[in-house]
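Mind docking chain Z on chain G? Use the hints.
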Amino acid sequence: MSQSKHPTSPHLQIYRLPLTAVLSITHRITGVLLAFGCVLLVCVLAAAADSASTYQAIVPHLQSWYGQIFLVGLVFSLYLHFCNGIRHLIWDVGYGFELDTVDLTAKLVIALAIVLTVATWVVAGAG
Amino acid sequence: MGDLRSPLSRAKGLGSAKEGTGHFWHQRLTSLLLVPLVLWLGFSLASMPVDHATLVGWIAQPLVTVALVLLISAVFYHAQLGLQVVIEDYVASHAKRTVTLLLSNLVCLLFGLTGVVSVLKIAFGA
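Going down the list, the protein sequences come from chains G and Z.
Just so we're aligned, residue 1 is where the first sequence starts under our numbering, counting upward by one.
Just so we're aligned, residue 1 is where the second sequence starts under our numbering, counting upward by one.
Check the hints yourself; a few may be wrong.
[To be verified] Interface residues of chain G toward chain Z, partial, derived using beta-carbon atoms under 10 Å:
(1) R28
(2) A35
(3) A49
(4) S51
(5) Y79
(6) V115
(7) T120
(8) A126
[To be verified] Here are the in silico distance ranges between beta carbons for each label pair:
(9) A21(G) x L120(Z): 38 to 46 Å
(10) L19(G) x W58(Z): 46 to 54 Å
(11) I69(G) x F124(Z): 35 to 43 Å
(12) F124(Z) x V72(G): 33 to 41 Å
(13) P36(Z) x V102(G): 22 to 30 Å
It should be emphasised that the hints constitute simulated quantities derived from the structure, not laboratory data.
Glycine included, C-beta positions come from ideal geometry on N, C-alpha and C.
Chain G with its partners taken away, still in its complex shape:
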């Protein structure tokens, strides 16, 4: 594409993205991350299907500090994508396009993703 002399707006390196725009690109990034998360899930399932010892070779890594940090990130990505996906589904049926509502649901998505992530570790700790 040839460079145009026209001013471009918004310029992504200067313009402060609204929360909804941040969530929009985050939805893509978490989507790609989660595809790799699914690959990991299948690896664990395949290890479990192979033998108890293959499975046991993986588990300590997931329980280690680096495994737990990775899992917290993955589960938070999952619930962020999950909640924002539901927000998209609500948009798809035609609701929630008012600016105030869009901003409110964006904050709600982030809050709910944090709650669900914390709840996961609470359940894991209790179980």
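Same frame as chain G, but now just chain Z:
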């Protein structure tokens, strides 16, 4: 403009890619299916001990087996559709895009199948 299209193609409304709104619709259908399944999987896995016997015993329950096969199929189809959009948006060269798309589809298919086969192998105790 519209004169160039046959009445049949206009009635079918599938456009030049022959898929119409199929991609969009399947992305939404799989996401709807995944809403309950993901919550169920996340909190089920979190609530159980991590040892092999517990996991295998859980997977081998018929309803769990079915739900897991459904989840793995839906999630890899959903991932394939999502990755396709990302690749189409960001890989500019036609040749690279085609190869990346084929690879992405292949990887989704392979891991989806591996997941389903693993679950079934555990379920049938082979």
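A quick look at each hint next to the structure:
1. R28: 6 Å, holds
2. A35: 4 Å, holds
3. A49: 4 Å, holds
4. S51: 8 Å, holds
5. Y79: Hint on Y79(G): holds, closest Cβ of chain Z at ~8 Å, below 10 Å.
6. V115: Since the shortest Cβ distance to chain Z is 13 Å, the answer is violated.
7. T120: 5 Å, holds
8. A126: For A126(G), the interface hint holds, since the closest Cβ of chain Z sits about 8 Å away, which is under 10 Å.
9. A21(G) x L120(Z): 38 to 46 Å: At roughly 43 Å between Cβ atoms, L120(Z) and A21(G) fall inside 38 to 46 Å, so the hint holds.
10. L19(G) x W58(Z): 46 to 54 Å: This hint is violated: roughly 39 Å between Cβ atoms.
11. I69(G) x F124(Z): 35 to 43 Å: Since the Cβ atoms of I69(G) and F124(Z) sit about 36 Å apart, the hinted range of 35 to 43 Å holds.
12. F124(Z) x V72(G): 33 to 41 Å: At 34 Å between Cβs, range holds.
13. P36(Z) x V102(G): 22 to 30 Å: Check passed, 26 Å falls within 22 to 30 Å.
Violated hints, in rising order: 6, 10; the structure is consistent with all others.
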